[in-house]
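S.K.: Residue-level listing of the chains:
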Amino acid sequence: MLADVLPNDAAQKGVCAGMESALNTGDTAWILTSAALVLLMIPGLALFYGGMVRGKSVLNMLMMVIGALFIVGVLWMFIGYSMAFGYSYGNAGLLGNVTEFFALEGLMANNPEAIYPAMAFVAFQAMFACLTVGLIAGAVPDRMKYSAWMIFAAVWAVLVYFPVAHWVFNFGVGAVPADGGGWLTKLGVIDFAGGTAVHINAGAAALALAIVVGRRLGWPRTPMRPHNLTLVMLGAALLWFGWFGFNAGSAVAANNTAGVVFLNTFVATCGAGLAWLIVETMRDGKATSLGAASGIVAGLVAITPACSAVSPVGALIIGLLAGAICSAAIGLKYRLRYDDSLDVVAVHLVGGLVGTLLIGLLATEAAPAGVNGLFYGGGVDQLSKQAIGAFSVLGYSLIVTFVIALIIRAIIGVRASEENEVSGIDLAEHAESAYELGDSGAGGFAGIGHGSSGTGGGKS
Amino acid sequence: MLADVLPNDAAQKGVCAGMESALNTGDTAWILTSAALVLLMIPGLALFYGGMVRGKSVLNMLMMVIGALFIVGVLWMFIGYSMAFGYSYGNAGLLGNVTEFFALEGLMANNPEAIYPAMAFVAFQAMFACLTVGLIAGAVPDRMKYSAWMIFAAVWAVLVYFPVAHWVFNFGVGAVPADGGGWLTKLGVIDFAGGTAVHINAGAAALALAIVVGRRLGWPRTPMRPHNLTLVMLGAALLWFGWFGFNAGSAVAANNTAGVVFLNTFVATCGAGLAWLIVETMRDGKATSLGAASGIVAGLVAITPACSAVSPVGALIIGLLAGAICSAAIGLKYRLRYDDSLDVVAVHLVGGLVGTLLIGLLATEAAPAGVNGLFYGGGVDQLSKQAIGAFSVLGYSLIVTFVIALIIRAIIGVRASEENEVSGIDLAEHAESAYELGDSGAGGFAGIGHGSSGTGGGKS
Amino acid sequence: MLADVLPNDAAQKGVCAGMESALNTGDTAWILTSAALVLLMIPGLALFYGGMVRGKSVLNMLMMVIGALFIVGVLWMFIGYSMAFGYSYGNAGLLGNVTEFFALEGLMANNPEAIYPAMAFVAFQAMFACLTVGLIAGAVPDRMKYSAWMIFAAVWAVLVYFPVAHWVFNFGVGAVPADGGGWLTKLGVIDFAGGTAVHINAGAAALALAIVVGRRLGWPRTPMRPHNLTLVMLGAALLWFGWFGFNAGSAVAANNTAGVVFLNTFVATCGAGLAWLIVETMRDGKATSLGAASGIVAGLVAITPACSAVSPVGALIIGLLAGAICSAAIGLKYRLRYDDSLDVVAVHLVGGLVGTLLIGLLATEAAPAGVNGLFYGGGVDQLSKQAIGAFSVLGYSLIVTFVIALIIRAIIGVRASEENEVSGIDLAEHAESAYELGDSGAGGFAGIGHGSSGTGGGKS
Amino acid sequence: MKLVTAIVKPFKVEDVKTALKAQGVTGMTISETAGYGRQGGHVEVYRGAEYTVDLIPKVRVEVLVDDAAVDTVVAAITEAARTGKIGDGKVWVVPVEQVVRVRTGETGAEAI
Amino acid sequence: MKLVTAIVKPFKVEDVKTALKAQGVTGMTISETAGYGRQGGHVEVYRGAEYTVDLIPKVRVEVLVDDAAVDTVVAAITEAARTGKIGDGKVWVVPVEQVVRVRTGETGAEAI
Amino acid sequence: MKLVTAIVKPFKVEDVKTALKAQGVTGMTISETAGYGRQGGHVEVYRGAEYTVDLIPKVRVEVLVDDAAVDTVVAAITEAARTGKIGDGKVWVVPVEQVVRVRTGETGAEAI
Ligand SMILES: Nc1ncnc2c1ncn2[C@@H]1O[C@H](COP(=O)(O)OP(=O)(O)O)[C@@H](O)[C@H]1O
Ligand SMILES: Nc1ncnc2c1ncn2[C@@H]1O[C@H](COP(=O)(O)OP(=O)(O)O)[C@@H](O)[C@H]1O
Ligand SMILES: Nc1ncnc2c1ncn2[C@@H]1O[C@H](COP(=O)(O)OP(=O)(O)O)[C@@H](O)[C@H]1O
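Chains as they are written, first to last, in my numbering: chain A, 364 to 823; chain B, 364 to 823; chain C, 364 to 823; chain D, 151 to 262; chain E, 151 to 262; chain F, 151 to 262.
Everything labelled a hint here was simulated from the structure, so no lab data went into it.
Misleading hints may appear alongside valid ones.
Said to hold, decoys possible - With a straight-line cut-off of 25 Å between C-alpha atoms, the simulated SDA-like cross-links for lysine to any residue are: (1) Lys-171(F) <-> Val-193(D); (2) Lys-649(C) <-> Glu-781(B); (3) Lys-649(C) <-> Glu-200(D); (4) Lys-549(B) <-> Leu-746(B); (5) Lys-649(C) <-> Ile-770(B); (6) Lys-649(C) <-> Lys-549(B); (7) Lys-171(D) <-> Asp-204(E); (8) Lys-171(E) <-> Gly-581(A); (9) Lys-649(A) <-> Lys-649(C); (10) Lys-171(E) <-> His-192(F); (11) Lys-235(D) <-> Ala-261(F); (12) Lys-649(A) <-> His-192(F); (13) Lys-235(D) <-> Thr-176(F); (14) Lys-235(E) <-> Glu-784(A); (15) Lys-235(F) <-> Ser-780(C); (16) Lys-171(D) <-> Arg-251(F); (17) Lys-171(E) <-> Gly-255(D); (18) Lys-171(F) <-> Gly-237(D); (19) Lys-649(B) <-> Ala-517(A); (20) Lys-235(D) <-> Leu-580(B); (21) Lys-171(E) <-> Gly-191(F); (22) Lys-235(D) <-> Thr-254(F); (23) Lys-171(F) <-> Gly-255(D); (24) Lys-235(E) <-> Val-193(D).
All figures in this text were calculated on a predicted structure; none of them were measured in a lab.
Put together the whole structure using the sequences plus the hints.
M.R.: Written as structure tokens, this is what we have:
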């Protein structure tokens with residue numbers, strides 16, 4: 364269209380002119396942007412994880428995260444949004460009405476009273492669901508049967524994520540506070556962007572799944588070092604970038620809260636990165652790039668629930684503690700002998716707990732959430748609420764995940780064959796290998812690892 | 364500036380206060396964000412394509428896409444925007460007035476009646492032009508002379524893209540619907556974000572160019588597998604991320620339409636990814652990561668024209684069909700023996716057709732476009748319009764591209780020498796090779812593939 | 364929450380309704396988006412640089428940039444923002460009051476008169492500080508002691524960046540123009556997004572640091588070619604993408620200025636990329652991908668100060684000149700024998716000078732800055748202001764950086780040991796190596812370069 | 151027992167493999183190498199700085215053969231790898247004193 | 151002096167190394183190779199096109215040994231590398247006329 | 151005809167090449183290897199877990215030479231590759247029974 368002309372949509376909008384629509388385009392722009400940012404976190408996570416596994420398993424790692432994204436995305440459209448954001452059955456705060464928004468029925472219409480389009484919020488929250496399931500995959504690379512993973516992802520989303528999202532993210536309807544909302548919300552638990560529903564939830568599930576699937580062959584004797592640390596750093600970078608949408612987007616508005624949350628998210632991450640590097644330097648004598656990437660993620664996890672409740676200094680403290688505690692928590696798996704391969708427990712479960720509980724101590728009335736924690740004279744009230752929130756999600760997720768995983772194991776099995784694990788799960792499950800770099804230099808190099816004779820298109 | 368102070372610009376803006384300006388900052392923010400997102404799609408495409416070629420051609424692949432971006436960007440500023448969005452010569456809807464906005468004359472001024480800055484829209488649409496040209500490169504990697512490609516890119520943009528963009532994207536001026544607008548728009552073809560102008564257009568050109576340039580040496584006998592599948596997935600991820608700007612940004616507003624489009628884009632992509640994996644699993648026994656990445660792109664292509672016209676369930680169906688049909692369409696090139704190396708035809712031409720035509724069946728009045736397709740009782744009217752739109756773009760692009768490519772071939776040739784193709788086009792055309800990874804481990808490794816003796820700066 | 368319900372925040376906002384708040388959500392959305400975009404530039408820079416070094420130094424390169432980000436982020440929160448944006452001591456325009464916003468005290472509150480949240484602006488500007496410090500690292504890869512770098516980064520941010528940001532970016536308070544603002548602002552120097560404060564500043568520091576740290580062993584005799592050019596291109600792409608936030612975000616509003624700036628940024632980059640490729644083709648016979656990536660960055664650097672002051676044609680000219688001049692400037696280091704390894708001087712110092720000074724020639728009243736340069740009849744007035752701005756930042760940065768670097772060298776040393784430099788600084792400083800790709804193909808490949816025996820968790 | 155080692159151009163590996171199969175050779179071991187020789191190298195350019203790369207990618211093919219088969223195997227490889235241009239590579243033969251098949255412990259001619 | 155060369159499965163390298171250490175062998179050189187043999191290969195699929203990859207990653211282990219130690223070294227490697235499945239690889243022995251340790255210039259048995 | 155094989159430190163390859171050229175050697179073949187020996191390895195740390203890497207990157211240089219030239223070539227390589235620190239590597243000589251230049255079919259001394 365010509366630039367001086369109003370598009371049709373714009374004409375109907377009439378911002379400020381007669382108020383035909385309550386739509387706030389700034390809030391909408393920010394929600395849409397945030398939804399896109401959170402989508403990017405999912406491949407970001409895939410690359411972060413993918414760089415950490417061995418070169419023979421990187422594609423499988425990507426496929427676990429991306430496959431889960433596909434399937435959970437579809438489930439979200441049909442029932443997930445409704446289970447999470449539908450009116451709570453019996454106003455009990457346990458589960459949303461599945462039929463209320465089945466297949467997003469009715470949400471497409473242009474509601475003149477809406478401040479932002481319903482679908483924008485649906486999309487934003489969809490990404491949360493997909494990401495949370497993807498997080499779990501880090502516990503079981505190299506060895507899990509792909510079909511079993513895909514089934515697990517679907518079932519877990521329905522039985523664990525959708526209900527828990529209802530508990531935490533559903534604030535209820537209209538004037539009546541928390542009418543139809545989740546029970547943790549009603550209780551007053553503060554979890555701004557998902558420390559419980561996303562991170563504790565995924566971390567607890569990762570623990571259960573790692574135990575059911577079992578250790579990688581050779582672990583922990585055989586070293587299994589990251590095959591590509593630039594990929595890990597790229598993944599961490601995309602996660603950080605996207606996380607601004609995750610956290611500041613959870614204000615569901617482009618307002619002061621979003622600004623504060625954004626800054627706190629930044630500061631906490633810097634703090635956690637620093638803390639992880641300091642711990643490494645003191646313990647191992649060297650600060651590693653894997654440590655920096657891990658610190659970034661740990662800080663982001665911990666500030667997620669707390670970002671609206673603390674001051675920048677509080678955010679820094681949360682970050683520093685998260686970096687230090689998570690880096691120490693990695694030792695746990697060696698002591699307890701569960702092979703949580705990429706440390707989902709140490710980073711997401713522990714980091715989520717750190718952030719969720721520290722709200723009880725560091726929350727300040729001056730922050731947007733408007734609550735004082737123990738150190739700001741608010742007593743232990745908020746702290747105990749936080750503990751209830753954290754541990755109920757932890758317990759629910761741990762138990763239900765165990766049951767799901769055991770049933771899948773009983774019916775179709777969860778492990779790739781030993782031979783396939785040794786020769787590489789990329790080849791076994793996906794008939795691909797990630798790299799063919801020999802072919803790069805000068806000379807028409809046929810590529811030794813794959814001096815293959817093709818039957819291009821034989822089947823396609 | 365100090366934080367409590369209004370910047371000068373803001374003071375002039377006076378949203379709500381006296382209406383000195385019609386500027387909607389939310390819409391503007393979303394258009395700017397979308398333009399940046401679409402820019403990112405271009406290197407995203409380069410990496411997606413780059414990962415799929417052999418290691419000795421990856422830089423050339425990047426350079427085809429990025430070089431086209433440079434040149435088309437400049438052309439767009441001078442004449443492209445005007446040819447696409449200028450008032451149609453004779454109101455025929457075939458081509459915009461080249462001189463109207465030559466060198467963007469006059470668009471820099473702060474127009475108080477504009478809802479968003481003209482330049483934001485110019486930039487947003489610039490990215491479409493650059494991306495579309497880049498898409499074609501996927502048909503001819505490994506073998507096309509770089510100079511010939513650069514000339515082709517410039518000529519094709521001027522003779523094919525700019526006119527076709529006028530047909531499809533120019534909605535005309537002011538009160539009179541489609542006055543000065545493109546003929547397909549006037550006809551009532553629905554193409555929200557470029558199924559015809561971008562994907563069918565590029566796909567048809569890819570077919571013509573692949574035929575004129577000819578097959579890679581050894582194809583299809585010699586296998587030419589992707590050299591870096593993590594790069595492919597990264598590229599697909601950046602494409603998906605950016606595509607939210609491409610599609611939802613095409614609402615040119617942060618409104619309900621943008622929200623619906625966003626959600627539909629997401630759901631269709633999940634569906635197409637799933638469908639591609641299911642087809643692979645049934646046909647080959649394995650779901651591949653290349654399949655997942657391809658499914659993502661196929662779904663995005665197909666939903667591009669349709670995203671404002673269908674319900675989420677409709678979007679899912681389009682995605683599922685696109686995934687299945689495009690993955691099958693790849694077999695075509697083996698049967699018809701044209702070497703469309705990275706399947707631009709199967710993904711963009713076929714995917715674009717799927718999406719454009721399915722609007723005729725699946726469009727629903729409930730969606731923002733407000734039209735009913737055949738399955739919603741709207742008859743075949745819309746379907747036939749869609750077919751006219753799809754096939755006129757297809758035909759025009761195919762024929763004109765053939766002519767352009769044949770002329771370039773006749774004058775300067777389009778093929779690199781056989782020797783250069785065998786030894787690698789990166790080296791031959793760009794005097795570079797992509798990787799020197801031998802140098803990574805411990806030990807001061809001089810890098811075997813390049814135990815070179817430098818003459819650093821001898822010429823610079 | 365349910366989709367048809369107003370979130371609490373939204374209810375308080377009342378856009379247009381009674382004006383309880385001056386908050387402009389569109390501007391806020393764009394500032395938040397821009398802040399996230401600029402954050403992404405930092406890992407983008409790390410990857411751009413990382414791809415250019417040898418495989419044995421890539422992690423150190425990433426760690427220099429990311430480590431600086433962590434530490435400068437924390438410093439910014441405590442004192443940086445206050446030093447840059449606090450009321451100028453004695454209204455001299457040299458330094459902001461450190462205590463005014465110490466630890467961001469008071470900026471968290473919801474100020475009803477603010478157009479955008481103070482914290483959003485704090486976060487946006489934080490990224491500038493972190494990025495600027497990171498830029499310097501490109502001068503000294505492969506050989507600088509990591510501890511010395513981290514100390515340098517912290518000290519340089521405090522003594523150089525924070526003050527210079529005050530000079531350039533602080534526009535002062537309220538009605539009185541530039542009251543409390545920086546001296547360059549008061550002088551009328553045009554530097555829209557940081558040609559002086561960011562690029563000339565970092566480039567001059569890079570020169571000083573490269574000289575103090577000294578040349579890499581073997582330079583320039585031994586060739587040290589980029590180890591991964593796809594990484595370089597990816598980094599350049601992320602930089603370009605993020606730079607739209609850097610430049611257009613510097614409008615601190617989603618307005619016409621932002622639109623113009625965005626388009627100019629795009630056009631200049633295309634021009635610089637083209638120019639670099641043309642110079643290469645004429646000089647070396649080949650256009651390289653490293654040239655394309657370098658051209659992108661050079662163009663972005665040069666348009667940074669000028670993007671609000673010139674027309675699109677002016678932006679193109681700046682881009683073309685920047686591409687040509689910067690590519691030629693790379694020869695300087697070979698002639699003068701300083702090892703500015705990744706050409707920070709040639710790209711950022713020279714590019715920054717090109718852009719800053721050309722404003723004096725090419726500025727046009729028609730552009731948002733509203734000033735005419737020499738070629739538009741404005742005389743030499745603006746040009747001389749620009750020169751003062753450029754060279755005072757250059758001189759200050761060069762001298763203070765020298766002093767800082769010399770002191771650090773005297774106290775703890777700045778060079779890694781020769782042995783560590785030869786065997787690779789990644790291993791020496793970070794106990795890691797970037798790639799272990801041998802393990803990818805079929806077969807359970809233990810990875811030759813690292814047929815290591817692990818003691819997993821021995822220490823953790 | 152002899153070990154025949156051939157240094158050949160990478161895109162000729164497939165042809166060599168085919169030729170060896172035709173000779174009844176059922177196994178071989180292949181690795182990446184880089185060769186320096188008359189063929190010369192090429193020039194790469196990075197930001198205007200030229201690098202002369204004088205090592206060219208080659209592939210090493212190693213085949214254990216019975217004494218009797220040496221000449222035909224050498225001839226087959228030579229034939230298959232030839233393009234006639236400089237840099238086609240070398241084939242050489244080294245005496246082998248003992249061969250063992252790891253799987254079975256068989257030795258000598260049995261082992262190959 | 152002999153050169154014992156072994157082509158083994160990659161995940162057996164660690165075991166071979168351990169076995170050699172047990173024999174008092176203090177040095178060895180290892181490289182990546184790809185083997186073609188009875189073991190056959192595998193199929194990869196890219197957008198539906200199948201690629202038969204018949205080269206399988208293997209590792210070459212080379213050990214210089216005194217004439218006296220050859221048999222025990224060969225036996226140790228064979229033992230350590232065996233899985234009993236096709237593709238376990240080969241071990242062969244080649245005569246060496248001279249060995250020099252670069253650092254010291256020592257030759258013969260001293261050098262290893 | 152002999153085959154001289156040298157395992158050297160990677161950053162010494164350029165010096166070895168130069169030394170060989172000075173001897174009139176016009177061709178050689180080079181490949182990446184990893185060595186295990188007295189030199190020991192190094193430790194890498196990933197999330198606090200330590201990995202002892204005892205294989206160190208080395209480069210294998212192979213040169214076919216006339217019998218007469220063997221000693222000077224071995225000496226030249228040894229000289230050029232020496233740093234005097236542990237891990238400088240080995241040079242060894244193996245008899246070659248036949249050499250063929252693929253391009254021309256020439257054999258023996260003609261072929262190198
Ligand atoms: N003396 C040698 N020792 C070992 N390898 C050699 C020798 N001479 C040549 N080669 C190998 O043979 C390859 C081809 O040699 P070159 O001299 O380029 O061509 P040609 O054999 O056709 O004369 C080289 O790249 C190198 O790998
Ligand atoms: N004639 C040969 N010459 C050189 N290497 C061989 C030969 N035959 C087999 N090999 C090597 O030994 C490996 C194992 O051989 P294969 O025939 O698959 O199994 P096996 O030795 O158990 O019978 C091959 O992958 C190849 O690397
Ligand atoms: N017995 C051996 N057989 C084969 N290669 C060996 C042997 N011993 C050492 N090497 C090779 O020589 C290299 C140097 O050996 P090392 O013992 O570390 O130092 P040095 O030779 O200086 O005593 C090793 O890295 C390895 O590649």
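S.K.: Hints the structure violates: just list their numbers, smallest first.
M.R.: 6, 9, 23 and 24
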